[in-house]
Structure formats: structure tokens, C-alpha cells
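Trainee: Build out the structure end to end from the sequences listed, making use of the hints.
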Amino acid sequence: MAVLAFRDTTEENKILCTMNVAEDFQETFDRITPKDNSIFLFLWHVVHLILRVLYLALEIFQTVESYLITNRIVKAYGHLNLQRVNYLGVVIDSDEARETAEVIQLLEWLSDIGIKKVCLYDKEGVLKKSKEVLMERFNSVKQSNDDSELDALLNIKQIAFEFVSSSDGKEAVAKAANVLFKKYYSDGDTEKPFFTESYLTDALKTLGAVELDPDLLLVYGPARCHLGFPAWRIRYTEIVHMGPLKYKKHGLILKAIHKFTKVKQNYGS
Amino acid sequence: EEEKRSGVVSRFLGELNITVRRFLFRVMSSGPIPQHIAFIMDGNRRFAKKWKLEEGAGHKAGFLALMSLLKYCYEMGVKYVTVYAFSLDNFNRRPDEVQYVMDLMHEKIEGFMKELDMVNRYGIRVLFIGDLNRLYAPVRVAAEKAMEATAKNTKTYLLVCVAYTSSHEIPRAVYEACQERSGRKDGKEEEEEELIKVVDLEKKMYMGVVPDPDILVRSSGETRLSNFLLWQTSNSLLYSPKALWPEMGLRHVVWAILKYQKNYHYFEKKKKQA
Chain A
78 MAVLAFRDTT EENKILCTMN VAEDFQETFD RITPKDNSIF LFLWHVVHLI
128 LRVLYLALEI FQTVESYLIT NRIVKAYGHL NLQRVNYLGV VIDSDEARET
178 AEVIQLLEWL SDIGIKKVCL YDKEGVLKKS KEVLMERFNS VKQSNDDSEL
228 DALLNIKQIA FEFVSSSDGK EAVAKAANVL FKKYYSDGDT EKPFFTESYL
278 TDALKTLGAV ELDPDLLLVY GPARCHLGFP AWRIRYTEIV HMGPLKYKKH
328 GLILKAIHKF TKVKQNYGS
Chain B
110 EEEKRSGVVS RFLGELNITV RRFLFRVMSS GPIPQHIAFI MDGNRRFAKK
160 WKLEEGAGHK AGFLALMSLL KYCYEMGVKY VTVYAFSLDN FNRRPDEVQY
210 VMDLMHEKIE GFMKELDMVN RYGIRVLFIG DLNRLYAPVR VAAEKAMEAT
260 AKNTKTYLLV CVAYTSSHEI PRAVYEACQE RSGRKDGKEE EEEELIKVVD
310 LEKKMYMGVV PDPDILVRSS GETRLSNFLL WQTSNSLLYS PKALWPEMGL
360 RHVVWAILKY QKNYHYFEKK KKQA
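Note that the protein sequences, when read in sequence, are chains A and B.
Using the numbering used here, read the first sequence as starting at 78 and increasing by one per residue.
Using the numbering used here, read the second sequence as starting at 110 and increasing by one per residue.
By construction, these hints were calculated from the structure, which means they are not laboratory data.
One or more of the hints may lead you astray.
To be verified - Listed next, with one range per pair, are the computed distances between beta-carbon atoms: (1) A:L126 x B:G292: 54 to 60 angstroms; (2) A:N163 x B:G123: 49 to 55 angstroms; (3) A:L126 x B:N242: 50 to 56 angstroms.
Source: prediction; values computed, not measured.
Idealized CB from N, CA, C, for every residue including glycine.
Mentor: Structural data, given as C-alpha cells:
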């Protein structure tokens, strides 16, 4: 029993009693906690409810922040050093990528910001399949929005797209492996070279993978996860979570790009 | 007398600490607990600069943080923990710093070997992942001894990635898969359909011995993966707390697991679609 008995005045007994409290703490804890875990489950739900409220508060804050940034009330993100963003990658969760209108609005925003090269990725290839539809609707939106002929003439807002899916990721490496096998292993007992990164890159090139690595990867989905974007292309890519596609925020994109331009990488050294 | 009393108080607080953690663990494990967490231990040098310590002290403080985090993960029920201790890119650092880290690793592995009884009692299996031939000889020898000594343990796993990058691991897996396939071909007739598939490559990856990580944590708030587990993190939650590695603690492990639990159904759906 956890009894603090200080009837004895000797030091040793006082110490012994306190030690008993420490050990009995464990015992008492084991005794009062129910065996059926229902109170812990209840507390778990409470914790996750609090978490949901916190995320909701964050969402509201970000919406307000995005509004302020887009309308230039907050001036910090006015001047973006876009030179640093050579290649922007966008990962969209495949289920969300089916919302073509949302995708087109996102592409419009990116084009307005001044991004020149975008790589669009979704795992199942939904974006690849709707490539023609997306390009057609994007170009028509652009043409109707071009409010100066000069713009159109100089192709100021011209933007290049690359569509990628999981078949360009792990499966492409498997295909490259077969290419390398045919090349180096089809002739008997000659010395086989050890495959380094450059062998793999060359094999991938012959299969058509010639594009650069993205500098910045924006992830649209419920969670921050690159969802299988071709592994060798994201070695040093900054990965930023933007939330679900239908709640995308223009100001948040500006903020992400701004933050990216301030990053300094050591590349390991 | 003061010492005796403070000794008792610190024991009491220690017991309280453990009890609070056990309570926390029981609440957390009402939901799904991740099987595998990976850590990028970034920020040791910044920590040393921040607190005006001498250079190596950041790495030492980082090691202490690692021990605490391992304890919390295993207490929470995580079976596999992977840490990025040394990248192939890190060989580009100043030679004296590389030497310092190699010496520190050697010292820690030797220290670990002294506690082997406790380690085997907890059932921790240690694996060193990467191009071990690039390590300095004494470290490599110590690492191989540690791997051998814990080979029979199966309760929890600690994977230490040294001399590792994904850009080395992936082509190497291709090479090993080709070697294996050419070995098989020698005994058989020419079979065009025997192509190398993704599963063949995954078996040959260094990390093929464990399931993919559920969460990848990178300290210091940096949002990139720096060539770590690029292949294995297709369905992993990426978490980047701002704390420097020596400042990481229980709250970060708890927060990571809470985030994982929040997105659990989403990730399970993604894994099934693969």
C-alpha cells in the first residue's frame, strides 16, 4: 500500500518510505488501470479529436495567410527569385487528380506565377491519361485570359509540362535493368562491370528518361508523401506538403517557393 | 545528506517519468503503431555551433539523443528503426571531421559490444547497411562483429546506414539482380520471358531485409531526403520537425506516431493499390 508514514523520525525510515512510494506508484498504476483498455481508447479518441481541431485551426490560418499573400497585403513574398526554381515538380494523389478542373486551375496559377517547367506526377497515371484534355483546356483558358497581344507574341507565360507516373519510377528501373542485362551479360564469361549510378542513368536515357531532377516538389494530397515519384530524381529535392488539391491556396505556393529560394544545401559535405 | 535526498528524489522522478511514458504508450497503442520508423540525424554540427561547443561535441550529443529515441521507439512497440548515420556524400567533408565520426562510430560500437548481454536480452538485432568496404578498417571490423553477435535476435531491429546512398543502393541492386539472373541462365535453355522485375530488384536492395518504413523523420526542419531510402519511401509519411537532432525527444516520436495514426487509412489504401 502506498502509505506515507512519517511516524518514525529516523532518516533511514523516511528514505525507505519515499522509496516505497516510488515502487508502489507502479503497483498502484497497474491496479487502477482497467484491464479492458476502454479508458485508454477513450483518451486516444480525445487526443485525436484535439488533433483534428488543431489541424482545422491551421487550415483557417493558412487560408487567411494565403489571402493576404495573394492580395499583396503581406509584402514579403512579392518578389520571388524564380531563377532558382529550374524545375518544379507537382505530386497529386491519384484520386484527387481525377478532378480535372482543379488541376487546370493549379496549372493556371503556376503559369501566372511564372514557372517555366513543371513535372506533373500521379501514381496511377491519371494525369497522363487525361494529358490531351488537360493541355487543350489549359491552352484555351490561357488564350482567353491573355489580355495583351504582346504577352502572346513573346510567349511570356509559356510553360513546359512533363507527365510522369509510377511506370516511370520503379518499373522504369526494372526495364533499365533488363537493358543492362542484355548489354553486358549476353556474352558468356567476360568481366562484368559493377553498375554505378552512371550506368543506370545511361540505361534510363535510352528508355527516354532525359529530364532534369525537380528542385522543389509540391505534394497535393492528404499526407506528406512523395507517392513513388521516380526515386533517383528526388535525391536533393525539397518536398513541401500543400494539403488536398481541392483546398489549394495560391498564396501558399508563393510562400513555398519563397522558402525554397532561401534554402542552403551542403549536399552532404 | 543533501546527496541522499536528491538521489531519492531523482529516483522518484525517474519512476514517475517511466510511468508517464507507459501511460502514454497505452493510450497511443489504442491506435495503430508503425512497424518501421527511419530517422535522418541532421543538425549535430548546427547544435554545436548554436551552443558554442567544440566541433565533435555535436555528434556526441547526437548519439545520446539517438539512444533516447531508440528507447522510446522500442517502448512504443516499433519493431524496426533505421538511422542515417553516415552518407557516401559525407566522405566529401574535411578529413579530420570524417576521421572524428569514424572514431566515434568505432567507440560506440565497441561500447555496444560491452553491453551485449543486455542487448541480447532485449532481443535487438543490429544491421549495418551500406557499402561497408568504404568504412575505415577498424570500424568495418567492429561493425561486422556486432552484426554477427546479434544475428540471432528477432524482437527488434536497428539498421544503421553507413556509407549509404540510394544512388549507390539502386544500381547495386540492379547489378546483383543481373548477376543472379545470369547464374540461373547457365543451367537453363534460353528463356526470353525471364525478365528482371521490380520484386527481383527489391530483394537485392540493402533494405530488402525489412519492410518499408512507415514514417521517415528528418530533424532540423529540412524538407529533402538527401539520397536516403528514396526507393523505400513511396508510401511513407515524411515528417520534418524543426528541432536539431540532439534536441529531438519523446514529443517528436509521439507527434510522428499521431500523424501516422491520423493518416493510417490513407496509407493502407495506398499500400494495397501497389
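Trainee: Indicate, hint by hint, whether the structure satisfies it.
Mentor: Results for each hint:
1. The hint said 54 to 60 angstroms for the Cβ distance between A:L126 and B:G292, and at roughly 57 angstroms that hint holds.
2. At roughly 53 angstroms, the beta carbons of A:N163 and B:G123 sit within the given window of 49 to 55 angstroms.
3. At roughly 52 angstroms, the beta-carbon separation of A:L126 and B:N242 lies within the given 50 to 56 angstroms, and the hint holds.
Violated hints are absent here; each numbered hint is respected by the structure.
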